[in-house]
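2 protein chains.
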Amino acid sequence: MTHDEVLTAAVVDSWKLVIKRFDKLLGNFTDEQLQQQVAPGKNRVLYLLGHLTAIHDRMLPMLGLGERMHPELDDAYITNGDRVLGDPLSATDLRRIWTEVNDKLTAAFEQLDPRDWLEKHAAVSDEEFAENPKRNRLSVVVSRTNHVSYHLGQVVLAKRS
Amino acid sequence: MTHDEVLTAAVVDSWKLVIKRFDKLLGNFTDEQLQQQVAPGKNRVLYLLGHLTAIHDRMLPMLGLGERMHPELDDAYITNGDRVLGDPLSATDLRRIWTEVNDKLTAAFEQLDPRDWLEKHAAVSDEEFAENPKRNRLSVVVSRTNHVSYHLGQVVLAKRS
Chain A
0 MTHDEVLTAA VVDSWKLVIK RFDKLLGNFT DEQLQQQVAP GKNRVLYLLG
50 HLTAIHDRML PMLGLGERMH PELDDAYITN GDRVLGDPLS ATDLRRIWTE
100 VNDKLTAAFE QLDPRDWLEK HAAVSDEEFA ENPKRNRLSV VVSRTNHVSY
150 HLGQVVLAKR S
Chain B
0 MTHDEVLTAA VVDSWKLVIK RFDKLLGNFT DEQLQQQVAP GKNRVLYLLG
50 HLTAIHDRML PMLGLGERMH PELDDAYITN GDRVLGDPLS ATDLRRIWTE
100 VNDKLTAAFE QLDPRDWLEK HAAVSDEEFA ENPKRNRLSV VVSRTNHVSY
150 HLGQVVLAKR S
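Protein chains in written order, with numbering that gives the first Met the number 0: chain A, 0 to 160; chain B, 0 to 160.
Honestly, I wouldn't trust all of these hints.
One copy or two, either will do: identical chains are not told apart, so a pair holds if it fits within one copy or between any two.
Stated by the list, open to error - Keeping only pairs whose Cα atoms sit at most 25 Å apart, straight-line, the calculated SDA-like set for lysine to any residue is:
(1) Lys23 / Glu99
(2) Lys23 / Lys133
(3) Lys19 / Arg94
(4) Lys158 / His50
(5) Lys19 / Val123
(6) Lys19 / His146
(7) Lys133 / Arg20
(8) Lys15 / Phe128
(9) Lys41 / Leu24
(10) Lys133 / Met0
(11) Lys41 / Leu88
(12) Lys15 / Glu127
(13) Lys19 / Lys133
(14) Lys158 / Val139
(15) Lys15 / Glu130
(16) Lys19 / Glu127
(17) Lys19 / Ala122
(18) Lys15 / Ala129
(19) Lys19 / Val139
(20) Lys23 / Asp12
(21) Lys19 / Phe128
(22) Lys41 / Asp30
(23) Lys103 / Asp115
For the record, the hints were derived by calculation from the structure and aren't laboratory data.
Just chain A, with the same shape it has in the complex (with noise of 0.2 Å):
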């Protein structure tokens, strides 16, 4: 591996790492289960699990890597807070793209070289990025994995102990 490989993979690594983690929890949840919330009043698992998916969907096109694969999640899960609007599917379709989305970005990752992850990422003007090289495609996956782990300190908190 290059230096610049070495660098690239500590993200990457890391990102697979969280992903890992978080599908590894969700393991211990029934369906039903999901439907529980993190702390009194607060997200139902389910919801973060939709939140999660909607904004790895996101990243497909903001990092150049194709089109996004599930925009209909968007508003139960981004624009909405939790039960605002109904589940727009099933858990179980929930944990199936989860997991397709995660997997579709995964594979580009680990295609792409230390150049191309220096890129801009696509909600980046070219004026503002010729201003600051740092909003690159590393630098949103770096944010995302942190992403994960914020909602991972969550839900563990609703697994039966």
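Fit chain B to the supplied structure of chain A, relying on the hints for placement.
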């Protein structure tokens, strides 16, 4: 900035951002409110603050950046769960130490160049590192940043809305 520097900056910027978010969140709690649990029967906010401080203090020798400053936190906040032992410090002192440890780490991170980031961390043997060059300093910081995010997601649940 060189390509390598932009890659490592993605990680250091993320560390700084997550620490800043945690600091801002802490600012919402009085010392008394730090005694709240993040959810019924779960860790107190104060315990999580002590835990993160102790883990970050351990990063100093682990990353070859200096001696530990506060090993006295380990018993109460790493080795044991919440409320097994008493709190060794007042909330005011713990807040001060949290800032002190993070400031020292962040200042050191800003001095490291990409080659330094790729050096092995102290918890890995030369043999292990030769087999897996990904066990470097940068990977430790990526991992610890996600660890802060994980607990940040929990502490936010205790915030008065």
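So, going through the hints one by one against the coordinates:
1. Within a single copy, Lys23 and Glu99 get their C-alpha atoms as close as 16 Å, which meets the 25 Å cut-off; across copies the closest is 35 Å, which misses it.
2. Taking the shortest Cα distances, Lys23 and Lys133 sit within 25 Å of each other only across copies (23 Å), while inside one copy they are farther apart (32 Å).
3. For a Cα distance limit of 25 Å, the shortest separation of Lys19 from Arg94 inside one copy, 13 Å, qualifies, whereas the shortest one across copies, 33 Å, does not.
4. Taking the shortest Cα distances, Lys158 and His50 sit within 25 Å of each other both inside one copy (19 Å) and across copies (21 Å).
5. Taking the closest pair of Cα atoms, Lys19 and Val123 come within 25 Å of each other only across two copies (23 Å); inside a single copy the shortest separation is 29 Å, beyond that limit.
6. In this assembly of identical chains, the alpha carbons of Lys19 and His146 lie at most 25 Å apart whether taken from the same copy (14 Å) or from different copies (15 Å).
7. Taking the shortest alpha-carbon separations for Lys133 and Arg20, only the inter-copy value of 19 Å comes in at or below 25 Å, while the best intra-copy value is 28 Å.
8. For the identical chains of this complex, Lys15 and Phe128 are inter-copy neighbours only, at 20 Å across copies versus 27 Å inside a copy, given an alpha-carbon limit of 25 Å.
9. Taking the shortest Cα distances, Lys41 and Leu24 sit within 25 Å of each other both inside one copy (18 Å) and across copies (17 Å).
10. For a Cα distance limit of 25 Å, the shortest separation of Lys133 from Met0 qualifies both inside one copy, at 23 Å, and across copies, at 10 Å.
11. In this assembly of identical chains, Lys41 and Leu88 lie within 25 Å of each other by CA distance solely inside one copy; the values are 21 Å within and 31 Å between copies.
12. When the C-alpha separation of Lys15 and Glu127 is checked against a cutoff of 25 Å, the pair qualifies only between copies, where the shortest distance is 21 Å, while the shortest distance within a copy is 29 Å.
13. With identical chains, the CA atoms of Lys19 and Lys133 are at most 25 Å apart between copies only, with a shortest distance of 18 Å across copies and 27 Å within one.
14. In the homo-oligomer, the alpha carbons of Lys158 and Val139 never lie at most 25 Å apart, since the shortest distance is 29 Å inside one protomer and 27 Å across protomers.
15. Proximity of Lys15 and Glu130 under a CA criterion of 25 Å is satisfied inter-copy only: 20 Å between copies versus 31 Å inside one chain copy.
16. Taking CA atoms no more than 25 Å apart as the test, Lys19 paired with Glu127 passes between copies only; the shortest distance there is 23 Å, against 34 Å inside one copy.
17. Only between protomers do Lys19 and Ala122 lie at most 25 Å apart by alpha-carbon distance; the minimum there is 23 Å, versus 27 Å within a single protomer.
18. Proximity of Lys15 and Ala129 under a CA criterion of 25 Å is satisfied inter-copy only: 22 Å between copies versus 30 Å inside one chain copy.
19. For the identical chains of this complex, Lys19 and Val139 are neighbours both inside a copy (19 Å) and across copies (18 Å), given an alpha-carbon limit of 25 Å.
20. Within a single copy, Lys23 and Asp12 get their C-alpha atoms as close as 16 Å, which meets the 25 Å cut-off; across copies the closest is 29 Å, which misses it.
21. When the C-alpha separation of Lys19 and Phe128 is checked against a cutoff of 25 Å, the pair qualifies only between copies, where the shortest distance is 24 Å, while the shortest distance within a copy is 32 Å.
22. In this assembly of identical chains, the alpha carbons of Lys41 and Asp30 lie at most 25 Å apart whether taken from the same copy (18 Å) or from different copies (24 Å).
23. Taking the closest pair of Cα atoms, Lys103 and Asp115 come within 25 Å of each other only inside a single copy of the chain (17 Å); across copies the shortest separation is 33 Å, beyond that limit.
When held up to the earlier numbered hints, the structure conflicts with hint 14 and nothing else.
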